[in-house]
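S.K.: Residue numbers (this note's numbering), protein chains in the order written: chain U, 418 to 824; chain B, 418 to 824.
One or more hints might be untrue.
Since the list gives no way to pick out one identical chain from another, each pair is judged satisfied if it fits inside one copy or across any two copies.
[To be verified] Straight line, CA to CA, 30 angstroms or less: simulated DSS-like cross-link-like pairs of lysine-lysine: (1) Lys516 x Lys694; (2) Lys513 x Lys758; (3) Lys492 x Lys758; (4) Lys758 x Lys516; (5) Lys758 x Lys475; (6) Lys475 x Lys713; (7) Lys516 x Lys475; (8) Lys758 x Lys694.
Derived by calculation from the structure, the hints in this document are not laboratory data.
2 protein chains.
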Amino acid sequence: MTGDAPQVIPDGLVTSPRRFIAGGSYVGLKTYAPNKMDVGLLLSELPCRAAGVYTTNKFVSPTVTVTRENVAAGKVRGVFVTSGIANAGVGEQGMKDIKECLQLAADHLGVEPGELGSGTTGVIGVELPMALIRGGMSTISLSDDGGGAFARAIMTTDRVPKSAAVTFTCSGGETVTIGGCTKGSGMIHPNMATMLAFLTTDAAVDAAFLDSALRNCADDTFNMVTVDGDTSTNDMVLLLANGAAGNAEIGEGSPDAEAFAAALHALCSHLSRELVKDAEGSSKIFSVRVTGAASKQDARLAARAIAASSLVKSAIHGNDPNWGRVVCAAGYSGADLDVGKVSFFINDVAIMEAGTPIPFHRESVIAIMSRDEVALTVTLGLGEHEATAWGCELTEEYVVFNSAYTT
Amino acid sequence: MTGDAPQVIPDGLVTSPRRFIAGGSYVGLKTYAPNKMDVGLLLSELPCRAAGVYTTNKFVSPTVTVTRENVAAGKVRGVFVTSGIANAGVGEQGMKDIKECLQLAADHLGVEPGELGSGTTGVIGVELPMALIRGGMSTISLSDDGGGAFARAIMTTDRVPKSAAVTFTCSGGETVTIGGCTKGSGMIHPNMATMLAFLTTDAAVDAAFLDSALRNCADDTFNMVTVDGDTSTNDMVLLLANGAAGNAEIGEGSPDAEAFAAALHALCSHLSRELVKDAEGSSKIFSVRVTGAASKQDARLAARAIAASSLVKSAIHGNDPNWGRVVCAAGYSGADLDVGKVSFFINDVAIMEAGTPIPFHRESVIAIMSRDEVALTVTLGLGEHEATAWGCELTEEYVVFNSAYTT
């Protein structure tokens, strides 16, 4: 176990961990621009353990269905991605197309289709242009510095690619790396465009711990910017572990379990924050930390409800200390709450204590709120649990953008 | 029982039923403008049965707490309202102030404070300016055509007052009238500004039936534009029945029970629609009818999720037939859903049948969507239940408005 919180390497990639290769190419699913990619491949040169967290939306893309099946079968070591078209809402053709994509990808990579997962993202209801994908698959060349191209290949309305990595030293002295990339955009929550994240590690990790570590981590990070019940047709987070670091296999309670979980958390927390920063039309983000909750679940509910409130998001945009909207959102979140015990702070300025507003210097608070990042803290005074969610401002640009997405 | 659906009288008022009087006045809680009101009183000259539906927000205004207690005690026959300040989030002072308001109102009306309910709406966290209310209460004069002034006294960012009435003939030949007024604005859902509705009737109705009729009706009307779990600190719907029509008391299974429920439904449906039409920044509304659901609850869940989706609301604003957003919202609503059975129509144009998109003439659909009212229909193909929700477009104006509500 390491003492300090792991340092995130902002220019890390999914190919930062040993023996992962990746690449991307442009085949014409999106309007052309220099450096644009719309198909990508990621592969571990060694067999992998894989874990996934998937959308709970019942209107699910066949891409997610196939990926979940393959991950459950235990052989996944690579990923095919495409962006521009979601492969959702196209009837039975969707399953046929994604199976053909995986066959094409497997042929190109020299693996079996069952060794691949897939992420597709973009417009719903349009079939994948298979002719373009058939012609373009072989143009994807993979290399051990191809993680940047892969991260570009999952972008839709994202303004920047989002990748990072983190390392830690195992008890046996081996250095382990975890890399990852993500795409989000849309409003993220409450009904985001697809959120995808692909994570790789050269750690040796047993299957059960890999799965539980990913789930716990997603609940604290990706699911705090995107709520399970509100996910899109295509959301997923995949984690591949190939053991190339040569460490003693990490499992529940093993010496390096905590360090692995902490490193994964640091990476996913960083990527989640990058997701929010890059949300459509937003140039300003805010954190909502809820402390003193009666349970972890309550803390998460309250933090997410506040971060997702359109009225709160509008107030953040306008530098408006309308704290009533914040406590109102906590009130309808479903979290246990006693009005007389709630305190609220904007950055470190107390706005409400024990249910009673504190007179504050309005201009100072407006000045604080004008910064690029605003920290809201709500203390419920009922227990010891806490959680943090991230939100972005709601802007006029968001509306303009989303009223003309397909037209 | 009447055969036809009851006709709504658009210029009806809370004072349309016999023996109800009301009035409003301006005391200075809001910025002055001609014809502006910020306090109001409503009273039945006879004793009443009363029923209420209240916010489920745990951060509840003491105004709601007191009203609920008084209604439960069975003596409520009048209402004091004020707008501009919510009387929420002000600590213990909030309870003291609303109790004093009710005492002042009771003194002015010659009744007991326990005979009054109250609705307060506006900014959270600011104390009621009691000096203004003390001085202004006696300036409210009540009359049997004062329902219009009362409806103005509950407006906040509403652009127009919203009142209506409906009548039906009882089996004994008596004409019964139900009147009502409402205010909403804000985004309504997902986290609206306060929604208030006050309903009056001269029907004789027993207490249990009055309560169940109001609850059933609210679930189908007000709660389809504003979801229970997402209500504000101050929301409420109150229904007062004074029996002045002289009809045989209406109860569960009695001859006029169905006609009463139908009339109440027609009125509340009309008022709900007016609420949505008057939402902040919106000039266009849309209905979401979900049919073929496995249960009533599923139909409501799916309809509300679609109507509340920011992406759907933005698409409506942009006349953008991005139907993927609609089925995606149905998918995360929690309603039972089988992708292969879902059909979707914009007005009467089939966009998707049994999970497969139908090629449609894009320009025609954009033309249909450019109308002031758009009808979305989703057929789940799983059962016989249906529900309709109402939504409004999400506009740039909404964001501008809500980023500067207190600044």
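S.K.: A separate judgement is required for each hint: does it hold in the structure or not?
M.R.: Structure-based check of each hint:
Within a single copy, lysine 516 and lysine 694 get their C-alpha atoms no closer than 34 angstroms, and across copies no closer than 46 angstroms, so neither meets the 30 angstroms cut-off. Proximity of lysine 513 to lysine 758 under the C-alpha cut-off of 30 angstroms is restricted to the inter-copy arrangement: shortest distance 18 angstroms between copies versus 56 angstroms within a copy. Taking identical chains as interchangeable, the C-alpha atoms of lysine 492 and lysine 758 are never at most 30 angstroms apart, the minima being 51 angstroms within one chain and 33 angstroms between chains. Proximity of lysine 758 to lysine 516 under the C-alpha cut-off of 30 angstroms is restricted to the inter-copy arrangement: shortest distance 22 angstroms between copies versus 55 angstroms within a copy.
With identical chains, the CA atoms of lysine 758 and lysine 475 are at most 30 angstroms apart between copies only, with a shortest distance of 12 angstroms across copies and 39 angstroms within one. In this homomeric assembly, lysine 475 and lysine 713 come within 30 angstroms of each other (Cα to Cα) both inside a single copy, at 26 angstroms, and across copies, at 18 angstroms. For a Cα distance limit of 30 angstroms, the shortest separation of lysine 516 from lysine 475 inside one copy, 20 angstroms, qualifies, whereas the shortest one across copies, 49 angstroms, does not. Taking CA atoms no more than 30 angstroms apart as the test, lysine 758 paired with lysine 694 passes in neither setting, with 32 angstroms inside one copy and 38 angstroms between copies.
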